[in-house]
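Line order of the protein sequences matches chains A and B. In terms of our numbering, the first sequence has 121 at position 121, counting the first letter as 1, and numbering is strictly consecutive. In terms of our numbering, the second sequence has 29 at position 29, counting the first letter as 1, and numbering is strictly consecutive.
Don't take every hint at face value.
[To be verified] DSSO-like cross-link-like pairs, simulated, lysine-lysine; straight-line CA separation at most 27 angstroms:
id, chain 1, residue 1, chain 2, residue 2
1, B, LYS471, A, LYS94
2, A, LYS370, A, LYS381
3, A, LYS94, B, LYS390
4, A, LYS412, A, LYS370
5, B, LYS390, B, LYS366
6, B, LYS390, B, LYS471
These aren't lab readings, by the way, just hints derived from the structure by calculation.
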Amino acid sequence: MSAPTVSLVEYDEAVARFDPVIGIEVHVELGTRTKMFDSAPQTFGAEPNTAVSPVSLGLPGALPVVNGTAVEYAIRIGLALNCQIAERCRFARKNYFYPDVPKNFQTSQYDEPIAFDGYLDVELEDGTVFRVEIERAHMEEDAGKNTHVGGSTGRIHGAEYSLVDYNRAGIPLVEIVTRPITGAGTRAPEVARAYVQALRDIFRTLGVSEARMERGNVRADVNLSLRPTPQSPLGTRTETKNVNSFRSVERAVRYEVSRQAAILAGGGTVVQETRHWHEDTGITTPGRVKSDAEDYRYFPEPDLVPVAPSREWVEAIRASLPELPGDRRRRLTDEWGYSEPEMRDVLNAGALDLIEATVAAGATPAAARKWWMGELARTAKQREVDLADLPVTPAQVGELQGLVDAGRINDKLARQVLEGVLDGEGSPEQVLVARGLEVVSDDGALLAAIDDVLAAQPDVADRIRGGKLQAVGAIVGGVMKATRGQADAGRVRELILSRLGVEG
Amino acid sequence: MSATDLTRLTAADLAGRLAAGEVSSVEATQAHLDRIAAVDGAVHAFLHVDAEGALATARDVDARRAAGEDLHALAGVPIAVKDIVVTRGLPTTAGSRILEGWLPPYDATITTRLREAGLPILGKTNMDEFAMGSSTEHSAFGNTHNPWDLDRIPGGSGGGSAAAVAAYEAPLAIGTDTGGSIRQPGAVTGTVGVKPTYGGVSRYGLIALASSLDQAGPVTRTVLDSALLHEVIGGHDPRDSTSIPEPLPALVDAARRGASGDLTGVRVGVVTELGGEGYQAGVRARFEESLELLRGAGAEIVEVSCPHFTYALGAYYLILPSEASSNLAKFDGMRFGLRVEPTDGPATAERVMAATRGAGFGDEVKRRIILGTYALSAGYYDAYYGSAQKVRTLIQRDFAAAFAQADVLVSPTAPTTAFRLGEKLDDPLAMYLNDVATIPANLAGVPGMSVPNGLSDDGLPVGLQILAPAKADDRLYRVGAALETLLEKTWGAPLLSRAPELETA
Numbered sequence: 001m002s003a004p005t006v007s008l009v010e011y012d013e014a015v016a017r018f019d020p021v022i023g024i025e026v027h028v029e030l031g032t033r034t035k036m037f038d039s040a041p042q043t044f045g046a047e048p049n050t051a052v053s054p055v056s057l058g059l060p061g062a063l064p065v066v067n068g069t070a071v072e073y074a075i076r077i078g079l080a081l082n083c084q085i086a087e088r089c090r091f092a093r094k095n096y097f098y099p100d101v102p103k104n105f106q107t108s109q110y111d112e113p114i115a116f117d118g119y120l121d122v123e124l125e126d127g128t129v130f131r132v133e134i135e136r137a138h139m140e141e142d143a144g145k146n147t148h149v150g151g152s153t154g155r156i157h158g159a160e161y162s163l164v165d166y167n168r169a170g171i172p173l174v175e176i177v178t179r180p181i182t183g184a185g186t187r188a189p190e191v192a193r194a195y196v197q198a199l200r201d202i203f204r205t206l207g208v209s210e211a212r213m214e215r216g217n218v219r220a221d222v223n224l225s226l227r228p229t230p231q232s233p234l235g236t237r238t239e240t241k242n243v244n245s246f247r248s249v250e251r252a253v254r255y256e257v258s259r260q261a262a263i264l265a266g267g268g269t270v271v272q273e274t275r276h277w278h279e280d281t282g283i284t285t286p287g288r289v290k291s292d293a294e295d296y297r298y299f300p301e302p303d304l305v306p307v308a309p310s311r312e313w314v315e316a317i318r319a320s321l322p323e324l325p326g327d328r329r330r331r332l333t334d335e336w337g338y339s340e341p342e343m344r345d346v347l348n349a350g351a352l353d354l355i356e357a358t359v360a361a362g363a364t365p366a367a368a369r370k371w372w373m374g375e376l377a378r379t380a381k382q383r384e385v386d387l388a389d390l391p392v393t394p395a396q397v398g399e400l401q402g403l404v405d406a407g408r409i410n411d412k413l414a415r416q417v418l419e420g421v422l423d424g425e426g427s428p429e430q431v432l433v434a435r436g437l438e439v440v441s442d443d444g445a446l447l448a449a450i451d452d453v454l455a456a457q458p459d460v461a462d463r464i465r466g467g468k469l470q471a472v473g474a475i476v477g478g479v480m481k482a483t484r485g486q487a488d489a490g491r492v493r494e495l496i497l498s499r500l501g502v503e504g
Numbered sequence: 001m002s003a004t005d006l007t008r009l010t011a012a013d014l015a016g017r018l019a020a021g022e023v024s025s026v027e028a029t030q031a032h033l034d035r036i037a038a039v040d041g042a043v044h045a046f047l048h049v050d051a052e053g054a055l056a057t058a059r060d061v062d063a064r065r066a067a068g069e070d071l072h073a074l075a076g077v078p079i080a081v082k083d084i085v086v087t088r089g090l091p092t093t094a095g096s097r098i099l100e101g102w103l104p105p106y107d108a109t110i111t112t113r114l115r116e117a118g119l120p121i122l123g124k125t126n127m128d129e130f131a132m133g134s135s136t137e138h139s140a141f142g143n144t145h146n147p148w149d150l151d152r153i154p155g156g157s158g159g160g161s162a163a164a165v166a167a168y169e170a171p172l173a174i175g176t177d178t179g180g181s182i183r184q185p186g187a188v189t190g191t192v193g194v195k196p197t198y199g200g201v202s203r204y205g206l207i208a209l210a211s212s213l214d215q216a217g218p219v220t221r222t223v224l225d226s227a228l229l230h231e232v233i234g235g236h237d238p239r240d241s242t243s244i245p246e247p248l249p250a251l252v253d254a255a256r257r258g259a260s261g262d263l264t265g266v267r268v269g270v271v272t273e274l275g276g277e278g279y280q281a282g283v284r285a286r287f288e289e290s291l292e293l294l295r296g297a298g299a300e301i302v303e304v305s306c307p308h309f310t311y312a313l314g315a316y317y318l319i320l321p322s323e324a325s326s327n328l329a330k331f332d333g334m335r336f337g338l339r340v341e342p343t344d345g346p347a348t349a350e351r352v353m354a355a356t357r358g359a360g361f362g363d364e365v366k367r368r369i370i371l372g373t374y375a376l377s378a379g380y381y382d383a384y385y386g387s388a389q390k391v392r393t394l395i396q397r398d399f400a401a402a403f404a405q406a407d408v409l410v411s412p413t414a415p416t417t418a419f420r421l422g423e424k425l426d427d428p429l430a431m432y433l434n435d436v437a438t439i440p441a442n443l444a445g446v447p448g449m450s451v452p453n454g455l456s457d458d459g460l461p462v463g464l465q466i467l468a469p470a471k472a473d474d475r476l477y478r479v480g481a482a483l484e485t486l487l488e489k490t491w492g493a494p495l496l497s498r499a500p501e502l503e504t505a
């Protein structure tokens, strides 16, 4: 099947002519022990159709019961997104026939979401903060998973038969829907990406989901429309389904901007439809046309009673919320005295947690940043691993800095100690001892070395006595050489001056 | 005591004799299995008989009794279960082709409670397909015949359970009532049937017709037996979110108290809208006589009006099909039950679903699925489903106002006695009217009971319906038992003793 030719307009030209408006629906699978409406366990990678019960298989007679932990997680998400939490809300049935939906209806929420009217401040790479308004966050259950066997594409067309695994059916989901995101202009793709990334970080911080994109724990549908100017009414939108990585979110927005711009520039009209995202080619292709959208015949789920979270409970959840990533970033920037660009580098390097732990182990924020963003960042780059995967712990970095601060090693020696730690020779202390790298701090030993050097260079000694203090460097260099760099240069200088009876 | 005599005992009597060691559960169970073998060819109350399973339970109960174990009061008393209740390892069809051959891998909560109490399950009883009907003629597996006149319907949808009890094939049975499916069969077969308060008996494992209306309950020959069975199956179940958390009121106590025949101080409301025109003369006459008996027992009879009951049937036939259209969506040939592949063209999932549902569902089921799908459609929702829910609220208010004036409400259970098989099969509206008096209770979630209160001019049984406020099921038992006592005093024997003897095979 050859793809039909699609004309595109260069992105820069497209956004110069049109104002993009995005809307994003993010589904997150909640990491509860059991499913949304039954006691079947949630397990990833189990044998097909083993993590099921009469409820998640939709057997005749089975009834749903709401998972209280899932409701709590949904409230946590709602609160983290600055939403109102409904005093009373109901589930609804979304009716449609498809084999991966065991009851042929999905139990979801329709006009009564658990959380609504919120926002999320999203930080872009250059530090700009962009506010995304949240329309609602509602609870629902996931569908099973279809596998189409036979045929070449893995898609249903051309397949000989299809298999359904209901292990995923009934896993709790929260769907977060934004209001139309306007005003992003040329940065729309970046805003979309940053928003999804910020949500992922929040899910992890809240502990409501492992939020692993590659496992499909977080899935995004990206809506996009163009309009001639920011003052024009909203244009016709497309919805690109299952865009499941941060990079793809950005690419999908860019692609749709280019594609729709070409249509509009050519005097055509955008078809309101669902589109598929192709990770490999970076394009979208048409799916269902939405104008004859299915009628889901929503009605309140009669098998469930309304969910009515008490205000006391909601406040208790609010009080127990961990510090959110954005707040933490702002607080640490402040506490550590980093500049905005410094903090951004730290974040981009994935070093925030490492530095925080290193500071907790006793290093100053400046020293911690110096190690992680300097020597260790270089090593990670060389070894092509993430910083966090280097074989050194923040505690060890803290210990290393402690040795420097105690004057037992200098910076140069510290780098050698670190090298030993990274090579698996043990803790900084162990490496230091094993490699014999300790600074010579025994004044007696140093004085002996100093006397040797002074005796070898009497003319220099005289010049120092004569007040030419800059000449001390030559003697210090000689002593450092004699002690193979294991002396504290500052102490050596002091001792030389006192030996020669000169005021430093 | 002969085997025939064992089948004529009430459940309470049989339980007493079992406890006293006068008879074994195996004997009692076998006597009922023999009776089924003798008469069910003519009655066809059962879709499936599980002699082996019932006797195994009976033997187990006898052994435990012999070992001195403390057993449930009804342990060893056999029971029939409507085929809409899921029973592990026992076929469960809900009267539909689409579930033919399905062996459930789990038990309904009701089934679990029956098993735990040690009641041998004789088998599964016939019903209108997915409980849609008032005559059991919509069963995919043949008609059930009314033991009073085999040419007549046993009521529906639970005609099988009512006929089984009326024909002495079982002392107890389980029914389900969405708009009258326990009470109306009770009325036309001369048996007692109770629809508990919505949420009073777990719905977990009942194949859903209309989730907001369905309720399982007892089908028996006496009011006391219903109370005993109700206490076995009722009470909170965490698997059913709509289950009432509070414990049941004391039902057996209420039945025993009522059996004294004294109703001094009880206010009995007669609902103006549930009587008069459209009700058979004999039905009306027996109702008036029963009121006199209640008055004689010290009850105060008051007239109450529930003006919105007039709209109940209309609202019911929007809410029920709407919920049913969604509940029945799961029957698609993909996971269980019938699977039909289209004879021409590709066997895509959608085409298999369509072929399966086309072949597996009967006409009445299709009619209601189409009605419900339409009523929930975008653009029609507010006018149909939305309006029906408003009517429902008004009916609930009518009940609240009526119960401010009366402790219980009464009416004839059904407008007529049992009609002839086939008589109303081509006229759905005439069929729907059978439930005109029973439907309001389901819409409001209040409990109701039908007690046999005589024979109409055609010699067929009629029933009196008692309604009580939600969670006050005990009132049904008190008033029902009192009426039963008073009526039997005038008759000199239970009404069923006047039913013709069935020929035995």
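Structure-based check of all given hints:
no.	hint	verdict
1	LYS471(B) / LYS94(A)	32 angstroms, violated
2	LYS370(A) / LYS381(A)	16 angstroms, holds
3	LYS94(A) / LYS390(B)	22 angstroms, holds
4	LYS412(A) / LYS370(A)	14 angstroms, holds
5	LYS390(B) / LYS366(B)	26 angstroms, holds
6	LYS390(B) / LYS471(B)	23 angstroms, holds
The structure fails to meet hint 1 from the earlier list, while all remaining hints are met.
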